[in-house]
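Q: Sequence:
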Amino acid sequence: TGYNKFNQLGLNISDQLYIQEFQALKDKFSEIAHSTEGTLFLNGSKLYGVGNSEYYQLGTKQKENLSLITEIDFFEDEEIQKIALGRDHSLILTKKNKLFSQGNDFHGQLGRSNTDRGKFGSNSPAEVDLSFLNGDLIAELFIVNDVLSVIQTSRRVFLAGYCSYGICGNVFGDQPVFFELPLPTETSQIKKLTPGVVNLFLSVEDTTLQTWAIGYDFYGQMCQNSTSVDRRAWVRLPFNPVQTSANSVQTTFYLFDSQIQFCGLNFNKTKSANLQKLQQPPGKLVDFALVGNGLIAVTSKGLFCIGQSANGSIGNGNEFAGEWKKLHEASPKLLSISPQSTLSANATSFVYQKCAERFTLVNEVCQLKTEQWGLARIASLAVFLVTIAFLAIMGVWLCAKTGVFEKEEVQQKAPLLSE
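Here our numbering is used: the first residue of the sequence shown is 82, the next is one more, and so on.
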């Protein structure tokens with residue numbers, strides 16, 4: 082549902098204002114990346130695209146507009162693992178840890194250095210030099226605000242492209258080479274990096290779980306009890322949310338167990354740097370996403386939206402919903418939401434069958450990661466208790482056995498003592 086000027090939804094209409102089943106791609110896909118001009122689907126190692134590829138941003142070998150879902154003839158000897166798509170450039174990661182970039186490089190967002198940098202124009206797919214990683218594997222890749230490329234390893238974060246709003250720390254302007262963004266604390270592992278439109282949210286786990294943020298905070302969306310045009314240094318959030326959604330310039334939504342709360346501008350255009358509770362959608366929450374000035378959620382009772390739906394961005398035409406509105410009667414057991422939003426009002430949403438962020442696939446069923454951890458903990462505890470019980474039984478048996486031996490020995494010695 083949403084903005085469809087470049088036919089990025091695979092539908093020959095101007096905009097898809099209301100939620101509709103997507104039937105253009107018959108094959109199952111494992112990952113989706115979309116922007117205001119195009120969409121990429123990853124099916125195994127096969128890449129499909131639809132929409133505008135004027136700058137080769139869909140990985141095509143020539144400039145074209147794909148009106149139908151088309152298999153992209155990428156490098157045949159490369160198995161694709163992850164994809165990220167901006168308005169006019171994209172990143173593609175292979176299973177061999179090779180990174181390819183393509184599209185417009187006006188701000189250096191392709192990360193190919195000054196010598197290989199094109200101006201506002203087309204750049205066909207080419208490999209990015211990753212020698213700066215020193216052998217580290219890329220875990221995630223993102224495109225922020227269409228002009229900033231982000232790659233993340235298990236412990237480090239690198240950026241290339243246009244830096245603004247303090248999202249790159251004290252670095253501003255065009256950065257045509259990937260550079261490392263210093264993290265707020267030394268950590269053995271990045272648990273989660275969540276990109277916003279104009280900021281980054283980072284969850285790290287060392288001795289304790291910590292959540293940090295950097296970038297634009299004019300509306301107080303980082304919950305710091307104060308506002309700032311930009312925060313060029315990481316600030317620690319006073320809580321650790323289960324999930325963060327920041328696809329808006331003005332508001333960030335946080336999930337705590339099953340409770341959605343937010344900081345920043347509310348639907349009444351009032352800003353606050355303190356946590357505010359949001360009316361909860363009916364049913365048990367599965368997944369949610371912020372898209373521009375609207376929210377879309379999947380629950381056990383269906384698909385719901387609240388807030389502003391611009392160009393059908395959350396499946397409610399161009400209407401505003403002050404309360405949760407049901408869009409679809411029932412939701413499959415496996416559902417995730419892929420939102421897209423930029424500084425413009427144009428946005429789209431895909432709701433598809435895949436385990437949501439808080440879930441993991443176990444025997445073809447999505448289970449909450451906390452529930453899976455709980456089951457594992459119960460199993461470990463059961464093994465521990467069985468072991469303790471076994472040791473206790475063995476101890477009793479040994480004590481009993483020792484007592485019998487001692488009694489027999491006393492009975493044997495008694496006649497000698499009496500003599």
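In case anyone wonders, no lab produced these hints; they're calculated from the structure. Hints may contain errors.
[What the hints assert, rightly or not] Cross-link-like lysine-lysine pairs, in silico, PhoX-like; alpha carbons within 20 Å at most: (1) Lys163 x Lys127; (2) Lys127 x Lys142; (3) Lys352 x Lys382; (4) Lys176 x Lys127; (5) Lys350 x Lys382; (6) Lys272 x Lys163; (7) Lys272 x Lys365; (8) Lys144 x Lys86; (9) Lys177 x Lys127.
Q: If a hint holds in the structure, say so; if it doesn't, say that too.
A: These are the hints, each one checked on the structure:
no. : hint            : result
1   : Lys163 x Lys127 : holds (11 Å)
2   : Lys127 x Lys142 : holds (16 Å)
3   : Lys352 x Lys382 : violated (31 Å)
4   : Lys176 x Lys127 : holds (13 Å)
5   : Lys350 x Lys382 : violated (29 Å)
6   : Lys272 x Lys163 : holds (18 Å)
7   : Lys272 x Lys365 : violated (25 Å)
8   : Lys144 x Lys86  : holds (17 Å)
9   : Lys177 x Lys127 : holds (15 Å)
Comparing the model with each earlier hint shows violations of hints 3, 5 and 7; every other hint is respected.
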